[in-house]
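A.B. asks: Using the sequences provided together with the hints, build the complete structure.
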Amino acid sequence: MSATIVDEPSLVARLRAGEESAFEQLVRSTSGRLLAAARRLLRNEEDARDAVQNAFVRAFQSLSRFRQESSILTWLHRIVINEALMHLRSRAKSDQPSIDDLLPTFIADGHQTRDTVDWSETADQALERAETAELVRRKIDELPEIYRTVLLMHDIEEMSHAEIAESLGVSTNVVKVRLHRARQALRTLLEREFGGQK
Amino acid sequence: MNCREVIGFLMEYLDGALAAAERSEFEKHLAVCISCVAYLRTYEQTVRMEVTTRIEEVTVPEELVRAILASRKM
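Chains as they are written, first to last, in the working numbering: chain C, 1 to 198; chain A, 1001 to 1074.
Don't take each hint at face value.
What the hints assert, rightly or not - Listed next, the stretches of chain C that the computed footprint assigns to chain A, with coverage defined by at least 3 CB atoms under 8 Å from CB atoms of chain A:
no.	stretch
1	7–14
2	79–86
3	101–110
4	119–131
5	149–160
6	179–190
Said to hold, decoys possible - Which chain C residues stay away from chain A? Per the calculated CB distances, all over 12 Å, these:
no.	residue
7	65
8	67
9	69
10	135
11	145
Calculated from the structure, these hints are not laboratory results. We put the beta carbon where it would ideally sit given N, CA and C, even for glycine.
C.D. replies: See the structure below:
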C-alpha cells in the first residue's frame, strides 16, 4: 500500500488521546488509498464515499481495539473493504450470470477441446498503450459479482486468501476456487481481444 | 496428468503450492503439451494485465474529508 504514515506509534497515541489534529492527519494521509479501493469495488461514487466515511466512523469508535499488529492503513483498508462488501450485498441480484461459457472445456480423456494459442506477446505490446489498462478494467467489470469481488480483493487489493475468506464468510478453499475461475474467465475475455479469436 | 488436471492445478503451481510429486507430474505434461503451455502463459499474462489496472491512490474531495472529520463529533 502506497500511503505511508511517518511515526505511526506516535500518531496512534495522539488518536487515543483524542487530539483533533491527529484525526485530520490520519484522514488526509489514508483516505486517498481507501477511496480508490472503495471506488473499484463499488463502481459508484456515492456508495464509495459512504463506505469510506462509514469505515472511518467505525474505526474512530473502535480505536481502543486496534492492537497495532498491522499498520493502521492495513486495518482501515480491511474496514473499508468490509463496508464495501456490505453495500454490494445490499444490492446483490439473486440471479448471477453463469461463468461457464468463459471456462475451458475438455474432451472425455481430459484434453482441451480446442488448442490454446499463446497471445501473451501481442498483449505485452498492447500494454504499452495507455488505453489497454482501461480495456482490462472493463473486462474485469464484466465478471459476475462473486468472481469480480474475489479477483479484486486478491489481485488488486493484495489481500490474502485467509483475509478474503474471513471478510466474505466463506472457506479459503471457496476463495481459491472463485479466484482461479475468475482469472480463467478474465483470460478468455482478454483472449477475445488479443488472441484474434473474436 | 491431463490438460483438465493441469489447468485445474494451475494457480497452485504458480503459487508454488504443489507437492514435489504433483509438480513433477505437472511439468511432465507441460513438456509435451504446447496448448497447456500457451494456457499457462496467457493465464500469467492475465494476472500481469490485472495489476496494470491498480490505482493506488486518488485525490479525495475536500468535502469528504470534512464530512469524515465532522462525523466523529456527532
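A.B. asks: Please go over all the hints and tell whether each is borne out by the structure.
C.D. replies: Each hint tested on the structure:
1. 7–14: violated (count 0)
2. 79–86: violated (count 0)
3. 101–110: holds (count 4)
4. 119–131: holds (count 5)
5. 149–160: n = 3 at 8 Å, threshold three: holds.
6. 179–190: holds (count 7)
7. 65: Holds, since 16 Å exceeds 12 Å.
8. 67: holds, 21 Å
9. 69: Per Cβ check, residue 69 (chain C) is outside 12 Å of chain A; nearest 23 Å; holds.
10. 135: Since the minimum Cβ distance to chain A is about 9 Å, residue 135 (chain C) lies within 12 Å and the statement is violated.
11. 145: Residue 145 (chain C) is indeed farther than 12 Å from all Cβ atoms of chain A, at 17 Å.
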